[in-house]
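A.B. asks: As they're listed, the protein sequences go chains P and D.
Quick note: the first sequence uses the working numbering, first residue 1, plus one each step.
Quick note: the second sequence uses the working numbering, first residue 1, plus one each step.
No lab work stands behind these hints, which were simulated from the structure alone.
Hints are not guaranteed to be accurate.
For each label pair, taking beta carbons as the anchor points, the in silico distance ranges come out as [to be verified]:
(1) P/I63 - D/F458: 39 to 47 Å
(2) P/K5 - D/I294: 49 to 57 Å
(3) P/I85 - D/K72: 18 to 26 Å
(4) P/S53 - D/I294: 38 to 46 Å
(5) P/H90 - D/W407: 32 to 40 Å
(6) D/T248 - P/I63: 26 to 34 Å
(7) P/D13 - D/S365: 58 to 66 Å
(8) P/F91 - D/I415: 44 to 52 Å
These stretches of chain D come out as covered by chain P in the derived footprint (C-beta under 8 Å, 3 or more residues) [as the list claims (entries may be wrong)]:
(9) 147-155
(10) 191-201
(11) 210-216
(12) 370-383
Where a beta carbon is used, it is the ideal one built from N, C-alpha and C, also for glycine.
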Amino acid sequence: MAQKKFVVGCFDDEAVLFPAVKQVRAAGYKIKDVYTPFAVHGLDHALGMRETSLHTAGFIYGITGTTTAISAISWIFTKDWPLNIGGKPHFALPAWIPIIFELTVLFAAVGMVLTFCYLCQLAPGVKKHRFHNRATDDLFVMVIECTDKTNTDDLKALLSAKGALETDVQVAEEGWWFGTYDNDNEDLYNNKQLA
Amino acid sequence: MHLKYESQLREPLVYGNKTYAQVTEDIVRPIEAKPSRLWYIGFFIAVTLLMFGAYSVYREVTYGIGQWNLNKTIGWGWDITNFVWWVGIGHAGTLISAVLLLFRQGWRTGVNRAAEAMTIFAVMCAGQFPIFHMGRVWMAFFVMPYPNSRGPLWVNFNSPLLWDVFAISTYFTVSLLFWYSGLIPDFATVRDRAFTKLRKKLYGIASFGWTGSTKHWQRHESLSLVLAGLSTPLVLSVHTIVSFDFATSVIPGWHTTIFPPYFVAGAIFSGFAMVQSLLIIVRKVFGLEDYITIGHIDLMNKVIVLTGSIVGIAYLTELFMGWYSQNKYEGYTFWYSRAYLFSPYGWSYWGMMACNVLSPQIFWSRKMRRNVFVTFFMSIIVNIGMWFERFVIIVTSLYRDYLPSSWSVYYSPTIWEIGFYVGTFGLFFTCFFLFAKYFPVIAVAEIKYVLKRSGESFKPGMEKIETQELESFVHDQAHAH
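Turn these sequences into a full structure, and let the hints guide you.
C.D. replies: Encoded structure:
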């Protein structure tokens, strides 16, 4: 996979991060991503991301479950093996509502989780480059991809001026690959750069 | 400020002077430390109980259902009682994580992770009972509708017992997915601060390569919200369908339309009691009193007194209907088999009344709600009461049916029936001990999310508010947005 160069700025307060995001974008840089330890509401809008349509996928999976249940049960009980249960109608829709409902929920939930994992490229054994190990702890890590024209020193100075505690230039692979994290030789626990 | 505003008068959800790093430290430290001696003792006891349960089940599978004291009249005894009891307990987790998420109750963040774990383990325990009650357990896969060589003879989609198969397996799957999707970011937190190779590797695998990207968080939020939306009707449907197992039959005492809401309220009631029992121990053992606060215990006790009273109303309504319907079978079941103290099972009815209806009324007092010892004691009482409830419903309706010639002698369980129940406690606590040791017992990322609006150090203390002039208080409140 292609190696790319990134400028990284770490913030420790979302109140500082938001104006910084705004100003870095206003200065014409393209922010690749901001890695945060928790869901910071409004950050997706500040970065100009569009809304996710995951919930639409969930709806489609749900109605797939509904139709699967209705068609399967009606075929089984009216065509394949019409079971005589006390002379009651073979097409007993009210009695099937519980199963129809459960299958709707099951399809929607399983489908959405799989779609979520696919979209975010999450799976057991997947490894991705981490720009800062404290991005899952207490730092908000802004990553800007460098182009040929990017002056990294200028960008680092801008980030520092906007409140970044630490700035850095990293060469990293994008995307994901199979691997585990045990071969990283960073002794992070004893070496918190920004205590 | 982009964060949601929360009234300054509200009790903080996180006590102490916390930073994001401190939150991580407090919650992840127990995973990194060696387990205490108490943990080993507890784990050993749990595994021992599990082994006893496994042996009881082995006897039941080898020699048949005759190992239990069920008879032709009382065909459902301890096993179905225990099944309904465990399923009921399994309702609080998803209620806390889903319903309270939809209602935007910030306090769920402190307790949802452990409550969801409890749900999953309780449903696992519940599932054992109907499966082994089948007798020929190796044919349990017959409940699945698939094209087969027996006709194909399909399952009966009109039967509440089959609805149960679908409801409980769906509930288990969805709860597991909901729980695990919340765990992924927290596993990444553990991974990124791990200092041993093995831990880095295992949590690296468990965290699915999570990085904390904004886009991923955006999708994660959408996923959580929709899963919550799906789980809310699901959690109500599961115990509704369990109640249909009874309500769609023609047995006096079961054939009532009140069952679904009454069972759901009872399930939430017992589930919250079990959450209280477990969390009171967890917060003490792992020193998490700053995150699972007295405020949380207070709020859960409010749910307990509410649902306990709903259950109480249901009991009284049933008694009233037993008389008002003028159906002699109903009247006999409710007014003799249950409510008459000196009938063979009268003791269980009044045990249920005392534990479920009378004793939770103590929680109308704020002082009692905020007392950890009283809460712990009451949580045990409530779960005993809820076990009695299921026993009363099943056994007192069955032991004397329409035909006096088939009336049963007194039913008491055999040691293997009891052993099976005890074994599920072993299973439950084995799982829970492993969870408490190797998983973040509190949702780290969610606590960080509420920290700056609900953390004690980010709110002025009550003392400040109480001594403040009204005018300046109003001024502060108006500008806090």
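A.B. asks: Compare the structure with each hint and give your call.
C.D. replies: Here's how the hints hold up against the structure:
no., hint, result
1, P/I63 - D/F458: 39 to 47 Å, "44 Å, holds"
2, P/K5 - D/I294: 49 to 57 Å, "52 Å, holds"
3, P/I85 - D/K72: 18 to 26 Å, "24 Å, holds"
4, P/S53 - D/I294: 38 to 46 Å, "42 Å, holds"
5, P/H90 - D/W407: 32 to 40 Å, "38 Å, holds"
6, D/T248 - P/I63: 26 to 34 Å, "28 Å, holds"
7, P/D13 - D/S365: 58 to 66 Å, "42 Å, violated"
8, P/F91 - D/I415: 44 to 52 Å, "49 Å, holds"
9, 147-155, "holds (count 4)"
10, 191-201, "holds (count 9)"
11, 210-216, "holds (count 7)"
12, 370-383, "violated (count 0)"
Of the hints listed earlier, those the structure fails to meet are numbers 7, 12, in rising order.
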